[in-house]
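Trainee: What follows is each chain in one-letter form.
Protein chains: 2
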Amino acid sequence: MSTKRIGNRTVKLQNGPTIISAASVVGPKEGKGPKSEYFDLILDDDLYGEKSWELSESKMVQTAMKKAAEKAGKKLEDINYLIGGDLINQLFPASFAARELQIPFFGIYGACSTMAEGMCLSSMLIDGGFADFILSGTSSHYCTAERQFRFPLELGNQKPMTAQWTVTGAGSVLISSKGEGPKVKFLTVGKVIDKGIDDGNNMGAAMAPAAIDTIYAYFNDTKDDPNSFDLIATGDLGKLGKQITEDLLKEKGIDISNVYTDCGIEVFDLEEQDVHCGGSGCGCSASIFAGYIYNKLKNKEFNKVMLVSTGALLSPTSTLQKQTIPCVAHAVVIVNEE
Amino acid sequence: MSTKRIGNRTVKLQNGPTIISAASVVGPKEGKGPKSEYFDLILDDDLYGEKSWELSESKMVQTAMKKAAEKAGKKLEDINYLIGGDLINQLFPASFAARELQIPFFGIYGACSTMAEGMCLSSMLIDGGFADFILSGTSSHYCTAERQFRFPLELGNQKPMTAQWTVTGAGSVLISSKGEGPKVKFLTVGKVIDKGIDDGNNMGAAMAPAAIDTIYAYFNDTKDDPNSFDLIATGDLGKLGKQITEDLLKEKGIDISNVYTDCGIEVFDLEEQDVHCGGSGCGCSASIFAGYIYNKLKNKEFNKVMLVSTGALLSPTSTLQKQTIPCVAHAVVIVNEE
Chain Z
0 MSTKRIGNRT VKLQNGPTII SAASVVGPKE GKGPKSEYFD LILDDDLYGE KSWELSESKM
60 VQTAMKKAAE KAGKKLEDIN YLIGGDLINQ LFPASFAARE LQIPFFGIYG ACSTMAEGMC
120 LSSMLIDGGF ADFILSGTSS HYCTAERQFR FPLELGNQKP MTAQWTVTGA GSVLISSKGE
180 GPKVKFLTVG KVIDKGIDDG NNMGAAMAPA AIDTIYAYFN DTKDDPNSFD LIATGDLGKL
240 GKQITEDLLK EKGIDISNVY TDCGIEVFDL EEQDVHCGGS GCGCSASIFA GYIYNKLKNK
300 EFNKVMLVST GALLSPTSTL QKQTIPCVAH AVVIVNEE
Chain W
0 MSTKRIGNRT VKLQNGPTII SAASVVGPKE GKGPKSEYFD LILDDDLYGE KSWELSESKM
60 VQTAMKKAAE KAGKKLEDIN YLIGGDLINQ LFPASFAARE LQIPFFGIYG ACSTMAEGMC
120 LSSMLIDGGF ADFILSGTSS HYCTAERQFR FPLELGNQKP MTAQWTVTGA GSVLISSKGE
180 GPKVKFLTVG KVIDKGIDDG NNMGAAMAPA AIDTIYAYFN DTKDDPNSFD LIATGDLGKL
240 GKQITEDLLK EKGIDISNVY TDCGIEVFDL EEQDVHCGGS GCGCSASIFA GYIYNKLKNK
300 EFNKVMLVST GALLSPTSTL QKQTIPCVAH AVVIVNEE
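Those sequence lines, one after another, are chains Z and W.
Counting from 1, position 167 in the first sequence corresponds to residue 166 in numbering that gives the first Met the number 0; the numbering is continuous, with no gaps.
Counting from 1, position 11 in the second sequence corresponds to residue 10 in numbering that gives the first Met the number 0; the numbering is continuous, with no gaps.
Calculated directly from the structure, the hints in this document are not laboratory data.
Just so you know, not all the hints are guaranteed correct.
Identical chains share a label here; the pair holds if one copy fits it or two copies do between them.
As the list claims (entries may be wrong) - With a cut-off of at most 27 Å between alpha-carbon atoms, the simulated DSS-like pairs for lysine-lysine come out as follows:
(1) Lys158 <-> Lys251
(2) Lys50 <-> Lys321
(3) Lys11 <-> Lys182
(4) Lys65 <-> Lys249
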């Protein structure tokens with residue numbers, strides 16, 4: 000077996016792929032949330048000067064990527080690969096961003112797990128010496144997601160209390176083989192788990208089993224101690240999915256409760272902002288990681304963090320065909336080395 | 000700069016990631032095409048016993064993946080990663096296949112470039128020692144693609160002569176760090192290129208510039224000789240796109256005409272099967288590679304092949320918003336080592 004693998008599912012990176020910079024862009028509502036001070040850009044208008052929400056979303060992720068490169072003093076020509084995707088059919092925002100940025104492009108789709116999926120792939124490609132710099136990022140937009148997955152906004156549909164609110168936001172990280180910053184040390188790639196939930200307005204419950212499976216696999220493979228982490232952040236399970244994850248992991252002997260949060264809870268004020276169970280969308284864990292968490296890592300307020308972005312791989316077509324919701328979660332462990 | 004990189008864009012794999020098996024499944028029409036003898040399974044009925052075309056497409060790619068594992072004498076539990084995707088919104092077929100196969104899953108989207116995209120990622124992850132076995136594959140289905148991208152089949156719409164016919168087919172390869180078989184030696188990842196074509200019924204012309212860009216980058220980086228190849232196969236540019244690619248590469252000083260074909264031309268009999276410019280869809284280069292090309296490599300009739308899967312990253316939404324078509328092409332060079 001490869002010496003870079005630990006246990007069944009986990010990879011231990013040998014050469015310390017480093018997150019040398021990160022940047023985030025969010026919409027007006029997210030800019031009023033509790034983590035607003037950590038975002039690089041808060042838009043006044045969610046159209047961002049474009050003619051459509053999809054073009055706005057594409058511009059948001061472009062901006063996050065350009066800013067991440069700029070912060071590290073890198074030109075776009077220095078970047079070997081761009082790895083990205085989003086919720087929108089055929090990755091309209093990411094594909095158009097890749098056209099603009101002119102960096103060789105791997106399109107990925109993991110629904111709201113995309114941020115961690117991109118970080119897993121980027122870290123391995125850097126660690127293996129196949130690239131010197133990789134930009135990875137993702138986005139979501141409340142208005143593009145609602146009309147694609149649910150109803151036209153103009154209908155003003157109401158949602159049940161288990162529903163979440165798609166974040167308008169983008170986040171990007173620049174990962175390199177050298178330079179200063181926190182390093183990706185472990186990653187655990189998710190299996191697709193489906194426990195039979197078919198309610199697209201209860202994604203937290205649908206995705207929690209995937210998060211549990213991946214987090215459990217990590218701890219089972221590494222025998223690591225949950226309390227050695229400063230933060231374990233799933234995203235975006237929301238309030239209900241977080242509770243399920245915490246409870247069921249405890250039943251399986253893994254108690255993460257002291258260090259556990261969910262990006263969907265961090266991004267909005269659940270009491271004040273009328274978002275029901277919390278934030279969701281690829282941009283949720285992307286902006287919270289690239290904004291809040293990365294800044295805390297950089298400042299050494301956090302020294303060991305696990306990001307577990309979670310995605311629901313349903314489609315409107317699969318739902319109409321009465322299929323249940325397959326879900327996936329990928330874990331990335333990031334540390335400041337002494 | 001990383002020693003695994005050559006020139007600007009090309010990666011040279013050091014540890015000989017090996018394609019130890021491949022398998023393909025195609026629909027009835029493809030089973031009447033000129034390469035039918037190379038496919039592992041030809042369906043009698045394009046519903047494949049399922050209730051919807053999407054579920055049929057998912058079953059096709061599952062079958063191709065299971066057969067690839069079986070041919071190499073591997074169990075699904077032995078496989079570290081599954082890398083796949085398809086044309087369908089939210090990767091309905093691939094996501095459901097990953098749910099069934101229970102292998103840690105990276106979802107990717109590169110439209111019809113997905114086969115080569117998956118092979119690029121798989122080869123690097125194997126070469127870098129992050130996995131021992133990776134299954135990579137993709138699919139397309141005439142009936143799922145037509146209704147999603149164009150019109151309901153029941154309308155019986157006619158198409159212009161520049162249009163192509165989406166292949167009902169799936170192909171999968173099993174790549175490993177050891178074992179017998181042809182090896183992936185070089186890869187060149189594509190940039191997103193858009194020369195302003197906005198006609199979704201002329202994908203060959205839209206995608207040709209992306210193929211040209213990637214093939215040119217490979218030859219520019221490596222100084223390799225086109226005539227050292229037994230075959231250079233783009234896919235799926237069709238008749239028109241192939242001609243454009245051949246002509247414009249010749250203008251740039253790269254003459255591939257002696258060894259050049261396109262998977263969209265190989266899969267159907269263009270004179271007899273009423274497919275206009277030829278085959279298209281992720282399943283086109285996937286089934287032609289996993290069927291015809293892989294078999295010829297295995298038998299040493301071919302000893303050096305370049306597969307350049309090409310994808311058009313448009314969406315129905317981007318088209319409605321009057322956007323042109325961004326395209327991408329990834330190249331994988333596979334050799335039998337003496």
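Trainee: If a hint holds in the structure, say so; if it does not, say that too.
Mentor: The hints, checked one at a time:
{"no.": "1", "hint": "Lys158 <-> Lys251", "in the structure": "neither (33 Å within a copy, 57 Å between copies)"}
{"no.": "2", "hint": "Lys50 <-> Lys321", "in the structure": "between (35 Å within a copy, 11 Å between copies)"}
{"no.": "3", "hint": "Lys11 <-> Lys182", "in the structure": "both (12 Å within a copy, 26 Å between copies)"}
{"no.": "4", "hint": "Lys65 <-> Lys249", "in the structure": "neither (41 Å within a copy, 35 Å between copies)"}
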